[in-house]
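Enquirer: Generate coordinates for the entire structure from the input sequences, incorporating the hints supplied.
Just so you know, the protein sequences line up as chains A and B, in that order.
Counting from 58, one number per residue, gives the positions in the first sequence under the working numbering.
Counting from 58, one number per residue, gives the positions in the second sequence under the working numbering.
What the hints contain is simulated information worked out from the structure, not anything from laboratory work.
Incorrect hints may appear among the rest.
[As the list claims (entries may be wrong)] Distance condition first, Cα-Cα at most 27 Å in a straight line; then the derived DSS-like pairs of lysine-lysine:
1. B:Lys237 / A:Lys237
2. A:Lys203 / B:Lys237
3. A:Lys237 / B:Lys203
4. B:Lys111 / B:Lys203
5. A:Lys111 / A:Lys203
[Stated by the list, open to error] Residues of chain B placed beyond 12 Å of chain A at every Cβ, according to the derived structure:
6. Pro146
7. Arg149
8. Asp173
9. Gly198
We put the beta carbon where it would ideally sit given N, CA and C, even for glycine.
Protein chains: 2
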Amino acid sequence: MLGVTLGATIQGRAHKMGAMTTSPDYSAASSPSELFFENFRRHSSGVAIVTLRKSSGDPTGFTATSVTSLSAVPPRATFNMSQFASSYPAIRSSEHLLIHFLTSDHVELATQFSGDSAGRFAGIDLLDGPEGLPLIPGTAGYVVGKIVARHETGDAVTVVVEIVDGGLGQRGEGLVYQEKSYRAAASLD
Amino acid sequence: MLGVTLGATIQGRAHKMGAMTTSPDYSAASSPSELFFENFRRHSSGVAIVTLRKSSGDPTGFTATSVTSLSAVPPRATFNMSQFASSYPAIRSSEHLLIHFLTSDHVELATQFSGDSAGRFAGIDLLDGPEGLPLIPGTAGYVVGKIVARHETGDAVTVVVEIVDGGLGQRGEGLVYQEKSYRAAASLD
Numbered sequence: 058m059l060g061v062t063l064g065a066t067i068q069g070r071a072h073k074m075g076a077m078t079t080s081p082d083y084s085a086a087s088s089p090s091e092l093f094f095e096n097f098r099r100h101s102s103g104v105a106i107v108t109l110r111k112s113s114g115d116p117t118g119f120t121a122t123s124v125t126s127l128s129a130v131p132p133r134a135t136f137n138m139s140q141f142a143s144s145y146p147a148i149r150s151s152e153h154l155l156i157h158f159l160t161s162d163h164v165e166l167a168t169q170f171s172g173d174s175a176g177r178f179a180g181i182d183l184l185d186g187p188e189g190l191p192l193i194p195g196t197a198g199y200v201v202g203k204i205v206a207r208h209e210t211g212d213a214v215t216v217v218v219e220i221v222d223g224g225l226g227q228r229g230e231g232l233v234y235q236e237k238s239y240r241a242a243a244s245l246d
Numbered sequence: 058m059l060g061v062t063l064g065a066t067i068q069g070r071a072h073k074m075g076a077m078t079t080s081p082d083y084s085a086a087s088s089p090s091e092l093f094f095e096n097f098r099r100h101s102s103g104v105a106i107v108t109l110r111k112s113s114g115d116p117t118g119f120t121a122t123s124v125t126s127l128s129a130v131p132p133r134a135t136f137n138m139s140q141f142a143s144s145y146p147a148i149r150s151s152e153h154l155l156i157h158f159l160t161s162d163h164v165e166l167a168t169q170f171s172g173d174s175a176g177r178f179a180g181i182d183l184l185d186g187p188e189g190l191p192l193i194p195g196t197a198g199y200v201v202g203k204i205v206a207r208h209e210t211g212d213a214v215t216v217v218v219e220i221v222d223g224g225l226g227q228r229g230e231g232l233v234y235q236e237k238s239y240r241a242a243a244s245l246d
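Expert: Following this line, the structure appears as structure tokens:
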């Protein structure tokens, strides 16, 4: 306990001088930007695919590693994206979209939907989803999200959707992205 | 291809009648609420711990499964929570908080910080983090988030933070939550 108290005092001083925290547990980094990248590389994200239609009627979509639930009552979720993303014009002008959930069997699909936007739907026999939305077959499940808010923060946006419909597919180990690679949410037992 | 086209036509009709999507790939559910729960059970979330100080100076915090990056320039992230959460009064009145990133070695810590709010810091020799924030030792890393927005949607809130400081700990397989249990982000190789 003495060691901790001393350490805290020293760190308290260091911070007053504007230095980074030092402790045996943590090393510093050169900038907030590096701290952001290095820490979020350590953080796992569940992988999903968002699809919708452009005003032309063509399907558009992308691999999203930021889909997260917001509230259960009413059932709502969020995801984050850049306003410069190829799908954002459609997100801005649409009322509904699909979120597909992936398992570790869907690495190829996730890779395809994070690649060149022109080839994302290549070879996929789309189903006609609710609201005419482009439904990818064979995922772990999907929800129809009605867009209820788009919170802009700089060039980024947090899209809030309310779940109004959907379907359930095969369960499996969730597809996860960490340290720049796809992984599987494996049991700890 | 014919089967898909036919299926699409039938589903298109079904939707006009307000029915759920049916296909060999997906089964229906009884309500949007059930679709929300069943799909988000299939979805993996990276696990983190948020800490900060109450106006009394006491530490407060919680296990967060919704931490996700928002933009790299500037470095920003979001997480979602209920406005009824025990830590929300502190979030509402604070300028800074810490986000700790966890590996599969931190199941006990994640469990402790999602349990009874009175016992969350029991047995933890807190370090004195930047801005006097309660820093948990031994995690995979942490960032200091300056709160730049709180977007309320009903009873829930999306908190937007800008990363202004932090530290780096030991890497490992990320701690993930799926199907109501903790898991590890395991390599697919």
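Enquirer: It remains to establish, for every hint, whether it holds in the given structure.
Expert: Comparing the hints with the structure gives:
1. B:Lys237 / A:Lys237: Holds: Lys237 (chain B) and Lys237 (chain A) sit about 25 Å apart, inside 27 Å.
2. A:Lys203 / B:Lys237: holds, 26 Å
3. A:Lys237 / B:Lys203: holds, 26 Å
4. B:Lys111 / B:Lys203: The given pair, whose Cα atoms are some 15 Å apart, holds under the 27 Å limit.
5. A:Lys111 / A:Lys203: Within the cut-off at roughly 16 Å; holds.
6. Pro146: holds, 18 Å
7. Arg149: holds, 17 Å
8. Asp173: The claim holds: Asp173 (chain B) sits with its nearest Cβ about 21 Å from chain A, beyond 12 Å.
9. Gly198: violated, 4 Å
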